[in-house]
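Chemist: Line by line, the protein sequences give chains A and B. In terms of my numbering, the first sequence opens at residue 11 and continues consecutively. In terms of my numbering, the second sequence opens at residue 5 and continues consecutively.
Just so you know, these hints were derived from the structure itself, not from any lab. The structure presented is a predicted model; accordingly, all values stated were derived computationally and were not measured. Even glycine gets a Cβ: it sits at the ideal position worked out from N, Cα and C. Accuracy of the hints is not assured; some may be wrong.
[Said to hold, decoys possible] According to the in silico footprint, chain A covers these stretches of chain B (three or more CB under 8 Å from chain A):
#1 32 to 39
#2 47 to 57
#3 65 to 71
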Amino acid sequence: MHERLKIFGSYFKLLLPYWDKSSLSLLAVGLSVIFSMAAPLITKILIDYAYPNRDLYLLTFLVLFGIVIFLFDTFFSGITSYLDTFIHQTLSIDLRQKFFTRVLRLPMSVHKEKQVGDMMVRVTDDIDVIVDTVAETIPVLVKTALQLIALFIICIMIDWNLTLLALLGIPLYFIETRIFAERFEDIQEKSQKRESEIYSFYQEKMGNIKTIKSFNQEVYETGRLIDKLRSVFMLVRENLFTGLFNSFLDSTMITLWTSFIAWYAGYRVITGHITIGEIMAILVYLGQIHQPFMDFGEVYKSLARSFVSITRVNEIMDVEPEAYQDVKTFVLYYIEGKIKFDKVSFHYADTKEYILKNISLTANPGQITAVAGASGAGKSTILDLILRFLDPSEGHIYVDKYDLKQVSLMTLRAYISIVSQDVIIFSGTIRENLQYGCKEINEKNMVQAAKDAEIHDFIMGCANGYDTRIGEGGIGLSGGQEQRLAIARALYRDVKILVLDEATSALDSLVEAKVYENLKRRCKDKTVIIISHRIPTLKNADKIYVIHKNRITEQGTFEKLLEKKGEFYKFYQAHAGEE
Amino acid sequence: MKNIFKAITQQEMARQARIVEIATLAVFAILVGVVIWLWQFKIELTQPGPDGGRMVIEQINVFELLLSKK
């Protein structure tokens, strides 16, 4: 309960940046509530006084008074709608931006744990539920509370006897609402989980459509989707029936309750305790009580649903982000680019099985250093460690003489360009892709980078050259073209350290040789690290470290390693066909 | 009126909201003025007199009248 109250309080904190608009909206809501109370009172005066006394002056005055109230009511209701919509829109943008920023700054270990679909649901559905609650449900809650207070004050002023009797029904209604809210919360939690699963399912299948087609699994995958959709449908049905039963109980209770009050009010008129005008007013007010109570029930359900969503969002927001500009770290103003692994071991936190064990290697500027090994040997983890997507479980990694853990992440990554084995090309023009992450634009350097990556001729052959659209809505690229574009993008950043993780696997040997020839010419003062299991790629390296069973077993030049007739020689023989 | 509406809807969102806020405060000020005036304005409650004319029985403001138990 205490936790819930804390969450409820946090909703008001979200409204703090909009305190001026929220206050005005609250004022407008309060005035609307007061105005809505006037009509039955006017009716009461007309019935009890103006009509019996044939007071035309009073009748005219009250009608004009009613018109003025109606005009003010319309204005302030409109203002409430406008301000609430404004807050809704800006809060939605604000929260989405904050959440997205946090997601981008989460450590890679969290991204590896969470499925993309699950994250998508948190970014979209869960944020929507929170925004709806803060920007819509809370104003409704305030309005409903004000309406109920105003109604009871006026009713007490008219006849406190009758009002106190009416109040007796409230606890029963609250108990019923609470029971159903718990049920709705449970359904919401399950729904969000299953929606996340479906998003992840779509994401996985869309990304692997070739595999599905090649295995003729279209029908099977559709069947799996139907099963998942059916489980969501069952929850929707459960939600619907629970909602219908809840509404039926609400309506029945309120109808029985107000009918009893109406009977008692009539009894009070017949026994001469109140006038006909007063009973008319009270009956209208009792009719009005119905709506706030129904609204209150909806508010309660909506809040219950939002508690699930905010818990899911906070699971992400509460994760410690990567320390981009941690005050304890220092900024690298200049580096030579030397990378040194000193007895580095790594295993994931939830397992003791080492991915890398006792790795020591050095990559010097002006050299191409390769890390070779079979698939699954832990080569790509080296890339993750250099970029600090992961931190070593044991040992240290240095850039020049600085321990990576002491260096500001932002500046460290500014000195490194990577081309990973999963090349990501963004939808947009070729130019936008090449300039991704660059603050200063230099057309000449961009073209040179494209030439060095052996992609310039292809680009110039496209209808719009560098302004040709690629990705969604644009032309499709082959695997080799994507890799060359990614290499050009990395070269254009012109940084001190370049890491190529199986970056030329889709290029034919001739093009690959040309790319490396260009690289050697271009990167005379830069550190180039290549991670590969391919012999044609490894031939370009000045020094090779061989990883076998998560450890470095050999190191040396290509030729010397072959002469040793050790692990690398076996590796060479196994992969010689690739040449 | 059409021009005013058009001018407001074409404003940038934050500026538009500011205009709406100022308009709300202005109307609220008018409302306060109306309430003060109504508070001071006494309505004459009358009933048919014995001579066929109207007889003033009370002078009361509209708020007192609405909340009156009489």
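Chemist: Now tell me if each hint is right for this structure.
Modeler: These are the hints, each one checked on the structure:
A stretch counts as covered by a chain when three or more of its residues have a beta carbon under 8 Å from one of that chain; for the stretch 32 to 39 of chain B and chain A the count is 3, and the coverage holds. By the rule of at least three residues with a Cβ nearer than 8 Å to a Cβ of chain A, the coverage given for the stretch 47 to 57 of chain B holds, with 6 such residues. Only residues whose C-beta sits within less than 8 Å of a C-beta in chain A count toward coverage, and the stretch 65 to 71 of chain B has 4 of them, enough to reach three; the restraint holds.
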